[in-house]
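A.B. asks: Between the sequences and the hints, there should be enough to build the whole structure, so can you do that?
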Amino acid sequence: MFFALTDEQQAFAETVRDFVADRFDLDAVRAVVEDPDGDGHPVTLWKGLADQGALAVLVPEEHDGLGLGLLDAQVIARELGRAVAPGPWTTSVLAAEALRLAGSPEQQAAWLPGLAAGETVGTVALRGEAGSWDGRGITVDASGERLSGTASPVDYPAVAGLVVVAATDAQGVPGLYLVEAGAEGLAVRDQRTYDGTARVGAVELADTPAEALTGGTLSGAAAVGALMARGAVLTAADLVGVAREALTRTIDYDRDRKQFGVPVGSFQAIKHTMADLHVGVTMAEHAVLFAAHALDTSEPGDPGADVAVAVAKAKAAGAAWDATGAMIQFFGGIGFTWEHEAHFFYKRARRRAPLFGSAAEHRERLAVLTMDQPLS
Amino acid sequence: MDLSYTAEEEQFRTELRTWLAANIPQEWTQPGFWRSLDDAESFRLRRDWEASKTAAGFSGIEWPTEYGGRGGTPGMKAIYDEEMVRARAPQTVNVLGLTFLAPTIMAIGTPEQKAEIIGPMLRNEVIWCQGFSEPGAGSDLAAVSTRGVRDGDDYVVNGQKIWTTNAVHGDKIFTIVRTEPGSERHKGLSMMLIDMDQPGVEARPLKQMSGASEFGEVFFTDARVPAKDCLGEIGQGWRTAMLLLSFERGASGVGQYTEFRRQYDEIVEQAKHFGRSDDPVARQKLTACLVELECLRYHAMHILTQVEQGRDLGSESSMTKLQWSETFQDLWEAFDDVLGPEASLAAPRPDVDLTPYQAQAMWSRSVTIWGGSSQVQRNIVAERVLGLPR
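Taken in sequence, the protein lines are chains A and B. If you count the first sequence from 1, position 156 lands on 177 in the working numbering, and the numbers rise without skipping. If you count the second sequence from 1, position 141 lands on 943 in the working numbering, and the numbers rise without skipping.
Rather than coming from a laboratory, the hints here were simulated on the basis of the structure. Glycine included, every Cβ here is placed at the ideal spot set by N, Cα and C. Hints may contain errors.
[Said to hold, decoys possible] Going by beta-carbon spacing under 7 Å, a handful of chain A positions derived as facing chain B:
id : residue
1  : PHE24
2  : ILE272
3  : MET304
4  : HIS307
5  : GLY346
6  : LEU387
[What the hints assert, rightly or not] Covered, in the sense of this in silico footprint (three residues per stretch, anywhere, with C-beta under 8 Å from a C-beta of chain B), are these stretches of chain A:
id : region
7  : 96-104
8  : 280-294
[Said to hold, decoys possible] In silico negatives: residues of chain A with every beta carbon more than 10 Å from chain B:
id : residue
9  : GLU29
10 : GLN31
11 : ASP60
12 : PRO81
13 : GLY149
14 : SER153
15 : VAL180
16 : ALA191
17 : GLN192
18 : ALA204
19 : VAL209
20 : GLY241
21 : ALA329
22 : TRP342
23 : PHE357
C.D. replies: As C-alpha cells, this is what we get:
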C-alpha cells in the first residue's frame, strides 16, 4: 500500500511552487486582477511553466511531452490554485488531453508539440448556458464538419489558438471537434467574471469549419465523458490548492492577531472551525489524489473511477467554498477590503466550484452510480 | 501510488476468509440476531468464538509471535479488519485489552506482565476493562480522584469509575489511580492492574439511552492491588495513559469504512423499499454522506501508508476520529431524513423490522463522545496540528 506522492512527485510540486512564488507573487496576481481589460495571460508565467514542463506533463513523449499521468498533473494544478495564478493552464492541458484521447496520430502530431511547448494555447468548450456537464449540456450542433451554436463559459477563448468544442451531430451523437482561431464564423464574446485570476468568454460558432477528432482511443460520448472527468479532477485539484492556501494564511493571521488582549486563534469558536476546515481540506486532498490515480489506472467509464471523480469534485468544491469564506470571516474587516488578497482566493473558488459539475451535480451522479444500480 | 496489498497479504486474506466462512454460523449473520440474545448469552457466545479464532491463529494479527501473535504486517491487520466486517463476524469482547493494554505491556511491561497478561487476554481467559473516566473526570482525565494508599505490598483503592465498557463482564481493569496523596492533575497517578473478582470491587451495568448496557460503573471500596501490578512506574500513570491511548492510532479506518459503507447500502435499500430513493433531497442527503465515507476510505489508505513507513502519526489520529465519528452520525441522521416518519417505527410494515437500524441510529450519538469527544479532538487538531495558541 502506498497512498502518497512519490519523492519525485513531491519534488516536482516544490519546483512549481518555488517558481511561482519567486516569479509570480500576489503583487503580480493583483496586477492581473486590476487590469480586467488585459488578456489575463502573463507571458512570463506561461513561459516559465512551459520551461518547467508543466504544459507537457500529460503529452506523450513521442509528441515532445513528459508522458506522465493525471496524478502528476494534479500536483501542478494544486500549486497554481495555491498561488491563485492566472492563465489558461487547466484549459490548455485539457485541450491536449482531448487530442491525446480522441485525436488521430496526424492530429496529435499537428497540435501536441505546440501545446506541450506552450507555443499554442488551447481551450475546451464543452457545454452551453444552463446545460449540465455530462454531455447533455452540449449546445453546439455539428453538420458534417461545420459547427453552429454557442458554448459558454469558456476559459481564455480570446488567447486560444485552438478550441476543442463538444458538439452533437445530426444523429444526436456527441463528439469533439477542433476549431482554429480565426476560423470563419468564430466569434469570442468577453463575458467578464469577478474572478480576476481568469478570463472567460462565450464561443459563438456560425457554420464554422471544424475538424472532427477521430481515430484516437476514444470517440463520441466516451471521449466527451473522459474529458469532463479529467476537467473535474484538475479543477478539484486547483480548488484544493486554493483551499489549503486560504486556510494556511488564515491560521497564520489568527495566531498573531490580538483582540481582548489575546490572539483570536485562542478562542474555541475559531479553533474548532479551523480544525473542521483542516479535516475537510485534508480529505479533499486525499480524494483528489485517489481520483487522479483512479483515472490513470482504469478504463474509461469504470464505475469505481466515476465514483472517485464525483467524490473528489464534490468534496473539493465544498472545501474551497468553506475555507475561502472562512478566510474572509476570520481576517475580519480587513478580509473584506479590496486591498486584501482574501478575495482572490474566495472569487477563484466561487467561480471554479461549479465548473465540470457542481458539488450537487456530482452528488446526484453518485446517486445514479450507487442508488439506481442493482447493489452488488 | 500503489493501492494493492502484497501477494503474501492477499494469501492471508484468502486463508482468513476461508476460515471465517467455515466458522460463522449462518444465523449469526442475520439482522437482529445479536439483539435477540440477552446480554450475557451474547457475551458468552462471542467470548468462546473469539477464543476459537485465536486458536486458529487469527488473532493478534500484527503482534510479534513471541506474544502469541501472528507476526503479520499492518496491511494484514487492515485486511483482517475488513474481512471481519465482510463476514459479519461477532465483535470482539476484549476490545480495550487488545487495542490498548496489550501493546502498552509489550512496550513497557515487566517480563512477568508480558508473560502473564497477553496470552490469557488473547485466549479470552481474562476480559479487560479500562478504568479511566470518573463522574468528575470525563474529557478532563487529569481530574481523576480515585485514590490508592500504600499498605504493605499492596495499594488500597477507593473511588468510582464510569462509562466502563464491559464492566459487568470484566475480570481485570487497568485503572488510573491517584497514588500520591495530595497530588494534583497529571502528577502522582499510577496505572494499576486491578483484579475485579474481589469483595472491594463492584460493577453495575449502566443502561444507555439506546436501551443497551455496553457500559457500566465500577466502584472500589478498599479494593486491594499488589504494588507490582502497576504498569509503568508508580507515579508515572499519566505517561503510561498517554502511551496507551496512542495505540488507538492504527489502520482501523479500513474496517470502519467497510462497515459504514455496507450500512449506507442498507439504508439505500430501505429508501428503495419505501419509495424514497427518487427524491432529489434524499439523494443529496445520502450521497453527501457517501462523499465523506469515501474520503474516510482514502484517509485509511493514507494512514496505513504512514504506519507501513514507520511514521509517528502523532495528533493525526484526532483527524481520523473526527472524520469517522461525525460521518457515521451524519449517515444515521440521513436515515431519518430519507425515511421520514417510518424511520421511527419498529415495524412500519408487517415484513419490515427497522429496530436494528434504529439501534445503530441511537448508538451513533455515543461515538462523538467516547474516546475523546469531537470538541476535545478539535482542540487537539487546532493546537497540536495547526499550532493555534492554547
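A.B. asks: The output says SER153(A) does not contact chain B. Does that hold with a beta carbon cutoff of 10 Å?
C.D. replies: About 14 Å separates SER153(A) from the closest Cβ of chain B, which puts it past 10 Å; holds.
A.B. asks: Beyond 10 Å from chain B, beta-carbon-wise, is GLY241(A)?
C.D. replies: 28 Å, holds
A.B. asks: Under 7 Å is the threshold here; is the Cβ of PHE24(A) close enough to any Cβ of chain B for the hint to stand?
C.D. replies: With Cβ-Cβ at 4 Å, under 7 Å, it holds.
A.B. asks: Next item in the hint list is LEU387(A). Is there a CB on chain B closer than 7 Å to its CB?
C.D. replies: At about 4 Å, which falls below the 7 Å cut-off, the nearest Cβ of chain B leaves the hint on LEU387(A) intact, so it holds.
A.B. asks: Holds or violated: is there a CB of chain B closer than 7 Å to the CB of GLY346(A)?
C.D. replies: 18 Å, violated
A.B. asks: Should the label of GLN192(A) as a non-interface residue stand, given a Cβ cut-off of 10 Å to chain B?
C.D. replies: Nearest chain B Cβ is 30 Å from GLN192(A), so the label holds.
A.B. asks: Taking beta carbons only, do three or more residues of the region 280-294 of chain A come closer than 8 Å to chain B?
C.D. replies: holds (count 8)
A.B. asks: Would the hint on MET304(A) stand, with a C-beta cut-off of 7 Å toward chain B?
C.D. replies: Result: holds, 4 Å to nearest chain B Cβ.
A.B. asks: Is ALA191(A) truly not at the interface, in the sense that its beta carbon sits beyond 10 Å from all beta carbons of chain B?
C.D. replies: For ALA191(A), whose nearest Cβ neighbour in chain B is about 33 Å away, the distance exceeds 10 Å, so it holds.
A.B. asks: Quick one: work out the minimum CB distance from VAL180(A) to chain B and report holds if it exceeds 10 Å, violated otherwise.
C.D. replies: 34 Å, holds
A.B. asks: Compute the least Cβ-Cβ separation between TRP342(A) and chain B, then decide whether it is above 10 Å.
C.D. replies: 14 Å, holds
A.B. asks: Holds or violated: is the Cβ of GLY149(A) farther than 10 Å from all Cβ atoms of chain B?
C.D. replies: The claim holds: GLY149(A) sits with its nearest Cβ about 23 Å from chain B, beyond 10 Å.
Hints 5, 7, 21, counting from the list given before, are not met by this structure.
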